[in-house]
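My request is simple: use the sequences and hints to build the entire structure.
Residue numbers (our numbering), protein chains in the order written: chain A, 1 to 261; chain B, 1 to 262.
Hints in this document: simulated from the structure, not taken from any laboratory.
Keep in mind that a hint or two might mislead.
Okay, derived cross-link-like pairs now, DSSO-like style, lysine-lysine, Cα gap no bigger than 30 Å in a straight line [as the list claims (entries may be wrong)]:
# : chain 1 : residue 1 : chain 2 : residue 2
1 : B       : 129       : A       : 127
2 : B       : 144       : A       : 131
3 : B       : 248       : A       : 222
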Amino acid sequence: MNTPTPTTLNTAATPETQSFHGSSLELRNLTMAYGDIEVLRNVSLTVAPGTTTCIIGPSGSGKSTLLRGVNRLHEPKSGNVLLAGESTLGANPDTLRTRIGMVFQHFNLFPDHTAEENVALALWSVKGMPKAQAMERARQRLAEVGLAERADHRPRDLSGGQQQRVAIARALAMEPEVMLFDEATSALDPELVKGVLNLMAGLGRRGMTMLVVTHEMGFARKVADQVVFMDEGEVVEAGTPAQLFDNPRSERLQRFLSEVL
Amino acid sequence: MDWLNTIIRTFFDFGAMAEVLPQLLAVGLLNTLIISIAATVLGTVLGMVVAVMGISPSKWLRVPARIYTDLFRGLPAILTILLIGQGFARLSQSIFGPSPYPLGIIALSLIASAYIGEIFRAGILSVDKGQGEACRALGMSYAKSMALVVVPQGVRRVLPALVNQFIAIVKDSSLVYFLGLLVTERELFRVGQDAAVLSGNLSPLVAAGLLYLVITVPLTHLVNYFDNKFRTGRRRAAPPTSGLKEVKELDAASPLTAGSNT
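Printed below as a string of structure tokens:
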């Protein structure tokens, strides 16, 4: 387990920026399908509150689909997902998604909104916060990811790394209990990958529950409390980073690691 | 050079043109613009409804939108205008009075809305799927994500096509004369046509035609101008930068990384 580092932070940060209250997440026999094709079969997984789980595996192994099942961007076919011990499948999907933040590979920022408007949009339109307050909150969140000076830039005037940080700030502004990262650094300049990963690691240390689909094995090894290796829509192996990276049991994972490391 | 004189007398009799010009401007141009603009506004509102229905996840909204579009796009404009203008004449009389003018506008709006609906639908569908997903992932409802993010982006993209549609409506507005307009309600074509019949000379119609061109040609070029602008997009010009600048910026993003690297 990763003990959340007691943060000695800069005093400008408000108390709520100092630590998160991540919730637990549990997948029980989750099966998901596109039409008749089952792309995820009987996946079970437990993520303790405030921990980071990295999901690794080849493309097409169902990693992204798994994330989309958690916040029901795609409805599961069978099985169950529990957030803080309660099934998500009975909940209103819109309400559920306010509790689960998601960061995409291609950022998906709103191109006709400035950085701060991107962050503020859901605050006023979903949470009903007055617009001025939403913008204020947005600027705070942007400052935390080092973008205070670029709050009024539109996405096309930002680099990939900056855009992804806006996207992270946008998700965090909703004060989620769980964060999902779908290959968040795959589309970034090589130089900027580390910075964004550090940002994510920081969230983990501060108590956010995170489910991270990634091809960054270094990140998975250093930051994850749990690593899950998937192939062909199933979990092949799961355990601590040390177990998976140093003593892979399955032949499939041994093969995978020999190719990527 | 007899034939040249004949041509000039038939088509370019400036005396006959000058005589009809005040009427063309004060009555014809005015009514053409009123009819076209009213039909475009109504058609745009209706078109948006048809477009949103057309991309709805529900079959019960999609199918009627499809039928509506096929119907009004598939029929000749003149047929629709006559059917509506004469078929609903009695109903219209009790609401708007004896003039067929409002019915003409409505018929043009219905035709326009079918085209505009398709334009909007194409625009909305061309917006990256990730935009809607990002909205939904933030907890926004389908309606909110459409209204606040997806539709505005789609509409911006099809503004040039909408101007083209307005040009088509301006031209189609001439067909309203079939419904029999009052003298003061005549649009460009009818004013020119009446004058041509009276003077036994086509010059007034040519003058009307020139006025149509005065509306449509500048708009066509305006469309091209905007189209180019939208295509290339605006981007702040920036000198080449070093990636290191951003790497430092990330290191400085202290609150979240707590200053320590993993």
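Verification of the supplied hints:
At most 30 Å may separate the alpha-carbon atoms for a hinted pair to count; residue 129 of chain B and residue 127 of chain A meet this at roughly 23 Å. Restraint check for residue 144 of chain B and residue 131 of chain A: the C-alpha separation of about 16 Å stays at or below 30 Å, so the hint holds. Distance restraint check for residue 248 of chain B and residue 222 of chain A: the Cα-Cα separation of roughly 22 Å lies within the 30 Å cut-off, and the hinted pair is therefore satisfied.
Hint compliance for this structure: every hint is met.
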